[in-house]
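Chain by chain, the residues run as shown.
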Amino acid sequence: MIGSASPLAGYLLVAALMFAIGLAGALTRRNAILVLIGIELMLNAANLNLIAFWRYGPHPEALTGMMFAIFSIAVAAAEAAVGLGLVIQIHRHAKTTDVDQMNRMKG
Amino acid sequence: MSFVFYVLAAMTLAGALAAVLLKNLVHCALSLTVAFAGLALLFLELGAQFVAFVQILVYVGAVAILVVFAILLTRSAETPKAGGVFSRTWLAGLSVAAAVFAVLGWAVLESTPWLPQTTEAPAADVEQIGEALMSRYVLPLEIVALLLTAALIGAVIVAMHEKEGAQ
Numbered sequence: 002m003i004g005s006a007s008p009l010a011g012y013l014l015v016a017a018l019m020f021a022i023g024l025a026g027a028l029t030r031r032n033a034i035l036v037l038i039g040i041e042l043m044l045n046a047a048n049l050n051l052i053a054f055w056r057y058g059p060h061p062e063a064l065t066g067m068m069f070a071i072f073s074i075a076v077a078a079a080e081a082a083v084g085l086g087l088v089i090q091i092h093r094h095a096k097t098t099d100v101d102q103m104n105r106m107k108g
Numbered sequence: 084m085s086f087v088f089y090v091l092a093a094m095t096l097a098g099a100l101a102a103v104l105l106k107n108l109v110h111c112a113l114s115l116t117v118a119f120a121g122l123a124l125l126f127l128e129l130g131a132q133f134v135a136f137v138q139i140l141v142y143v144g145a146v147a148i149l150v151v152f153a154i155l156l157t158r159s160a161e162t163p164k165a166g167g168v169f170s171r172t173w174l175a176g177l178s179v180a181a182a183v184f185a186v187l188g189w190a191v192l193e194s195t196p197w198l199p200q201t202t203e204a205p206a207a208d209v210e211q212i213g214e215a216l217m218s219r220y221v222l223p224l225e226i227v228a229l230l231l232t233a234a235l236i237g238a239v240i241v242a243m244h245e246k247e248g249a250q
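Residue numbers (our numbering), protein chains in the order written: chain X, 2 to 108; chain H, 84 to 250.
Hints are computed from structural coordinates only; laboratory data are not their basis.
A couple of the hints might just be wrong.
DSBU-like, lysine-lysine: derived pairs with alpha carbons at most 35 Å apart [to be verified]:
#	chain 1	residue 1	chain 2	residue 2
1	X	Lys-107	H	Lys-106
2	H	Lys-106	X	Lys-96
3	X	Lys-107	X	Lys-96
If you want the footprint, here are the derived chain H segments under chain X, 3+ residues with CB under 8 Å [stated by the list, open to error]:
#	stretch
4	111-119
5	227-237
So the derived label-pair ranges between C-beta atoms look like this [what the hints assert, rightly or not]:
#	chain 1	residue 1	chain 2	residue 2	range
6	X	Met-103	H	Ala-145	25 to 31 Å
7	H	Val-87	X	Lys-96	46 to 52 Å
8	H	Asp-208	X	Asn-104	49 to 55 Å
9	H	Val-221	X	Lys-96	45 to 51 Å
10	H	Ala-233	X	Arg-93	19 to 25 Å
No experiment lies behind these values; they were computed from the predicted model shown.
A virtual CB, placed ideally from N, CA and C, is assigned to each residue, including glycine.
Take the sequences, apply the hints, and build the full model.
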């Protein structure tokens, strides 16, 4: 069914599966760094969708999907830096990276 | 659907799956790198060379190293505690993820007849991308530059070690 259809469907299914894997990781792991890894996987799945639609959609010469993907990569890099900095600071403060134990806002 | 696509998709998905399932955090980070590299190869397969190299530079080169650093800096003595690596509410999280995948996969399979068929690969060399970045997308480019500066300075300040009693 998929093999005979548009190759775009294959890329979209891979991206959907990758998004689901990332979401499952972000929702089920206890370590805060693994939650961030799950979020990174979800962002990458979105990038794959953008590039696949750029490749197979109309007007690829406008480069819209590609620009979206480039800016999304830049924002994801900023997110990773800030998120990991927060995890390191929380570990220093509370001696844990377990998100199940992070239940106080007050130090 | 080419054979190369299946190999790359399997590699990417296996890396992603290992990254969220493995017990050892360092192994998770290495599997994440495999997933990122597989995605870069998928971008190459799609004809987006520039994005593929950006992916390798930013994700394989920077984010993966950052994750490894964070894992090594936060490694505590009591890593394998009772309760395992998964949260107490893992069943709910897994159901949500499965439901999301079911909806997305259903939407993709339902819309398959209307998806565009194979076309010849569009050309996107670095010259075109640079021109677009410097003309039509110059304002987003400047905003992203500002955001990156602010975020990286913020990350350094947040993660900086405050000494006890220091001024």
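Here is how each hint holds up against the structure:
1. Using a Cα cut-off of 35 Å, the hinted pair Lys-107(X) and Lys-106(H) holds, with the two alpha carbons roughly 30 Å apart.
2. For the hint linking Lys-106(H) to Lys-96(X), the alpha-carbon distance of about 20 Å falls within 35 Å, and the restraint holds.
3. Of the pairs offered as hints, the one joining Lys-107(X) and Lys-96(X) holds, with about 15 Å between alpha carbons and a cut-off of 35 Å not exceeded.
4. Interface restraint, the stretch 111-119 of chain H with chain X: holds (5 residues with C-beta to C-beta distance below 8 Å; minimum three).
5. Beta-carbon proximity to chain X at under 8 Å applies to 6 residues in the stretch 227-237 of chain H; the threshold of 3 is reached and the given coverage holds.
6. In this structure, Met-103(X) and Ala-145(H) meet the distance hint of 25 to 31 Å, their C-beta atoms being roughly 26 Å apart.
7. At about 47 Å, the beta-carbon gap between Val-87(H) and Lys-96(X) stays in the expected band of 46 to 52 Å.
8. Our hint of 49 to 55 Å for Asp-208(H) and Asn-104(X) holds, since their Cβ atoms are close to 52 Å apart.
9. Hint check: Val-221(H) to Lys-96(X), Cβ distance near 46 Å, so the stated range 45 to 51 Å holds.
10. Here the CB-CB span from Ala-233(H) to Arg-93(X) is close to 23 Å, well matched to the stated 19 to 25 Å.
Comparing the model with each earlier hint shows no violations; every hint is respected.
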